[in-house]
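> Each residue of the sequence shown is one higher than the one before, starting from 1 at the first, in this note's numbering.
Hint data in this document are derived by calculation from the structure and do not stem from the laboratory.
No farther apart than 20 Å at their CA atoms in a straight line, the calculated lysine to any residue pairs in the SDA-like style are these:
id : residue 1 : residue 2
1  : 171       : 160
2  : 63        : 73
3  : 72        : 105
Keep in mind the model is a prediction, meaning the values are calculated, not measured.
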Amino acid sequence: MKDFLTRTHGRGRMDWTDWLSYAYLALGLFTMFAPVLWLVMSSFKSEAAISQFPPTFLPYTQKSVQVAGYDKPLPLFMTRDDKGEVRPMAQVRRIGIMATMVDPADPEQQVRVNINDRTPINELQFALSNYTEIFGKFSFGLYLWNSVFITVVATLLTLLINSMAAFALSKYKFHGQKAVFLLIIATLMIPPTIILVPVFLVINTVGLLNSLWGVIF
Numbered sequence: 001m002k003d004f005l006t007r008t009h010g011r012g013r014m015d016w017t018d019w020l021s022y023a024y025l026a027l028g029l030f031t032m033f034a035p036v037l038w039l040v041m042s043s044f045k046s047e048a049a050i051s052q053f054p055p056t057f058l059p060y061t062q063k064s065v066q067v068a069g070y071d072k073p074l075p076l077f078m079t080r081d082d083k084g085e086v087r088p089m090a091q092v093r094r095i096g097i098m099a100t101m102v103d104p105a106d107p108e109q110q111v112r113v114n115i116n117d118r119t120p121i122n123e124l125q126f127a128l129s130n131y132t133e134i135f136g137k138f139s140f141g142l143y144l145w146n147s148v149f150i151t152v153v154a155t156l157l158t159l160l161i162n163s164m165a166a167f168a169l170s171k172y173k174f175h176g177q178k179a180v181f182l183l184i185i186a187t188l189m190i191p192p193t194i195i196l197v198p199v200f201l202v203i204n205t206v207g208l209l210n211s212l213w214g215v216i217f
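With the hints as constraints, model all of the structure from the sequences given.
So this is what it looks like as structure tokens:
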């Protein structure tokens, strides 16, 4: 197995075709798993981080600070004044391209700053509440059990029925064998949306509506 995985086109060294093959495989691996990684990292973002533009891969959240005289925490920005001095300031409000900022250490004096002269101060913060709130707001255990039960039972029934049909078609010779095989292939080519209404009527007639067995069958 090791020799098979490490074999090369060149004799004793990597050929340009080997590098090309590995580059192609790496590109395919990145193409398949990059959306999955992005989805996982997005699940740890807050609502503000998800709506942020341009989006970031890591769950960065803008820092906020509680300023005296204000009920809610104010977002922090690194601002540059006319003298070129850079300092952190909190935004009180924004109108157009001008924002009203205050120094958290001296909130009495307000300064108007162009939004192009400031950058948000972000910090890496994982919103674990996205997962913990699932168990409090929803019956997540029941949903998980339904998914696992449907998946396992449907897979076992599919393997059982298909393996018996495959064994009969491969081991036994009988009249009409090819016709049966073509019939099975033809039924697999029918789009599920075409038989959606008949399947619903059958499930409703046999009394399996609104049940897990109705979803399986």
